[in-house]
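Please work from the sequences and hints to get the whole structure.
Next come the chains, spelled out residue by residue.
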Amino acid sequence: MEWVNIIIQGVLIGGLYAMFAAGLALIFGVMRLVNIAHGDLIVLAAYIALMTTDTLGLNPLLAIVVVVPIMAAIGYGLQRGLLNRTLGDDVLPPLLVTFGLSVIIQNALLELFTADSRRLKAGAIEVASFQIGEGIWIGVLPLLQFVVAISVIAGLQLLFYRTALGRAFRATSDDQSVAQLMGLDNRHIFALAMALSLAVVAVAGVFLAVRTNFDPAIGPARLIFGFEAVIIGGLGSMWGTLAGGIILGVSQAIGAQINPGWQLLAGHLAFLIILAVRPEGLFPKVQG
Amino acid sequence: MPEPLLDVRALDAFYGDFQALFGVSLHVSPGEVVAVIGANGAGKSTLLNCIAGAIRSRRDAILFDGEPIGDQAAHAVVGRGIALVPEGRRLFASLSVEENLLIGGQVGRAGPWNLARIYDLFPVLAERRQVPSTSLSGGQQQMVAIGRALMSNPKLLLCDEISLGLAPIVVREVYARLPSIVAEGSSLIIVEQDIVQALKAASHVYCLQEGRVALTGSAGTLTREAISAAYFGA
Amino acid sequence: MSAAFHVEHASRSSRIGLAGFAIALVGLAAAPAWGGRDDLRLLSEIYAYVALASLWNLLAGYAGLVSVGQQAYVGLGAYVLFGATILFGMPPLVAVPVAGVIAAVISLPVAGLMFRLRGHYFAIGTWVVAEVFRLLSSQISALGGGSGISLPAGIVTAMASSRQMREFLIYWVALALVVVVLAAIVLLLRSRYGLALTAIRDNELAARSNGIDVTRTKLVVYVLTAFGTAMVGALIFLQKLRISPDTAFSVNDWTAFVIFITVIGGIGRVEGPIIGTVVFFLLRQTLADLGSLYLLMLGAVAIAVMLFAPKGIWGLLVERFGWQLLPLERRLRLTADPRTN
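Read top to bottom, the protein sequences are chains A, B and C. All letters in the first sequence, in the order written, are residues 93 to 380 by the working numbering. All letters in the second sequence, in the order written, are residues 6 to 239 by the working numbering. All letters in the third sequence, in the order written, are residues 6 to 346 by the working numbering.
Quick caveat, the hints were computed from the structure, so don't treat them as lab data. From a predicted model like this one, the values you see are computed outputs, not experimental measurements. Don't be surprised by glycine CBs; every beta carbon is placed ideally from N, CA and C. Take these hints with a grain of salt, some might be off.
Stated by the list, open to error - From chain A, some residues computed to sit far from chain B (all C-beta separations above 12 angstroms):
#: 1; residue: 95
#: 2; residue: 98
#: 3; residue: 120
#: 4; residue: 124
#: 5; residue: 160
#: 6; residue: 239
#: 7; residue: 243
#: 8; residue: 274
#: 9; residue: 280
#: 10; residue: 346
#: 11; residue: 353
#: 12; residue: 355
#: 13; residue: 372
To be verified - Per the computed footprint, the stretches of chain A lying under chain C, defined by three or more beta-carbons under 8 angstroms from a beta-carbon of chain C, are:
#: 14; segment: 199 to 213
#: 15; segment: 291 to 303
#: 16; segment: 317 to 330
#: 17; segment: 363 to 371
Structure below.
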């Protein structure tokens, strides 16, 4: 029974990891950019949520409504103002610039908020749980977060495959120059993609803030979780990313159960095994 | 003499240090079909890319409807009513046939062309609308590429080597549609290696050789010798 | 029949540069005579960063392998040194090259995994590897687990006859190490491998179609870089006398600073990391009190350099004056054919 609970917890946190991953995968799909500052932006969202709840007195989960547009706007500006300049054939500039960005965000947050651990209070919902079977309990908050994660991913799938914007993203990803011939302004499309990515990051950041203690330095670890989920799941579809997140979450949960110090290692091990055995991921893109 | 729809004046084009076009001048009148012929590397595709905005030029080197557009970016040019059917089709691999057509209409210009009319023009596409675009035959892909460009309701349609890699019978099928396109209000520039097809379809011909206009005249009056000389260089 | 051409590497500025290096080397080797304890420590730190940055530059700027996980080998080298001396009684200075060899061996399977990732994903993958090393090392209770361990006094005093001698010894080893690393890099770049690397850097596909075994060349560079980085790491922590997982595998100390140094100095040119280290330490002396603001500024400067002067300070100087400090050019000189004269 203990194991069932462990697996369930792993699955539920996998949803959060999938959200970390979805933002990463989205940008890579549209513009072949991997944002090394991605994890730090998740932490930034958490701090923005902190400021929002402090000034407006909102429940953090409602603060999402404020944090999402702020982060989306930051994403648009960041891409249009800075990151668009780094795109091109050379891998080095976007990598180094986003790495520099990561360092800047971490240290700016350190200056503004100190290294103290913070946490957002969501009230009674944090400890609420219900029983679904003999000795099997599910926390309400983790379940809510999992459901939100699935909705976000379903929403992204819908956007990409059923809307004009999604078509624009896919076309730009396929062939940038011909997409221009269709009237699509690449600079604008890329900025929209980043805005969307950071909107997802905003949701993930708020849930992170409620779920765990956070401080300016935990960004890189979130980047790594998102990255591992993407590699495990494969670049084929958003649902693959969800699967990747779940596998990562479950691996970590099993590892933690065997030995608390092994939680992260177990996740990394799962990642390395997939990399060794099936580098294209479990649900790779089918080349047409 | 009515003002030309497209007026290209002494256009130069460069790829880095390499000059591809030298003072090319050309014009297209409303409702006209103009052919641009020439050997490989003569600069035909470069010319179309300049007109479409994929290559930036001197502002007043290209006038469209009287407006200088030489330095405009491609996504702005299509908004003005110039659409390019790129060499090699270049359909979007992640999109289905219908999605490729729809994205052609992304720019939202008003006009006679819409999905239904494109499917009228190319009925075979209607049957295969949800299929991934790259799984079609070459001729069908060419139809999608043309349809995609038409969806932006262009006043000027640029066709870059639409016969490339297609069987003669398929080429004839594709070319048979061109009159309906013109009838709906688009002028055409067709770049062709297939001189016979080009001369049949066009009213006016330009022959490029090594980046320069070597010969120009109405399709009926040019002799084979003159064309040969201009094509290959005397 | 003799070849009708030969390849010339030197130029006037590189002759001046080499002479300058030789003079500087003599002066630095004599530092124990004119410098105090703090001077020696500072110089050792500078040598370590020049070496680390040069190695990272070789990996990223020449082989196109942008790693943000080289701290894996810094820490690995350091832990092998501590393990070898504490658990197996190896003399510390012997343990330095041993650390290099072990790191080189370990880097082979790591490369096997990492080379399955491209570009940006490769970068993050190397970070994961560093994290794995860090987590594993905190599981080794014999070496202090998560809180780390100090080098036992017995081992330390056994290194040399006095504390001063010991510090001189470590200083000279640090100087020798950076000279060896730089010399090795220059020789590598002048060799056939170096030519292959430049080709790969410019256009990988073209290099491949010219018969260059791209994967093998990259692997060689990766392993050599791991070898060098681990030795530098071992020496750094030998000097610190104390190790812990967080310091040994610190992203800030061993990757962020190294990357910023190389970017600001100039990626893809051997002189870049040297210039960058000098600038970095000058900035640090003047701005050290600012703490995290200092890192923030460094990041901003690195971004600005990447956007507006992507070849770094040295790149600007090369463009302007055509200098080179080290003989790395390749110029074809035709020897006169005696038959035509």
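How the hints compare with the structure:
no.: 1; hint: 95; verdict: holds (41 angstroms)
no.: 2; hint: 98; verdict: holds (39 angstroms)
no.: 3; hint: 120; verdict: holds (14 angstroms)
no.: 4; hint: 124; verdict: holds (14 angstroms)
no.: 5; hint: 160; verdict: holds (26 angstroms)
no.: 6; hint: 239; verdict: holds (29 angstroms)
no.: 7; hint: 243; verdict: holds (24 angstroms)
no.: 8; hint: 274; verdict: violated (5 angstroms)
no.: 9; hint: 280; verdict: violated (9 angstroms)
no.: 10; hint: 346; verdict: holds (36 angstroms)
no.: 11; hint: 353; verdict: holds (44 angstroms)
no.: 12; hint: 355; verdict: holds (38 angstroms)
no.: 13; hint: 372; verdict: holds (17 angstroms)
no.: 14; hint: 199 to 213; verdict: holds (count 4)
no.: 15; hint: 291 to 303; verdict: violated (count 0)
no.: 16; hint: 317 to 330; verdict: holds (count 3)
no.: 17; hint: 363 to 371; verdict: holds (count 5)
Hint compliance for this structure: hints 8, 9, 15 are broken, all remaining hints hold.
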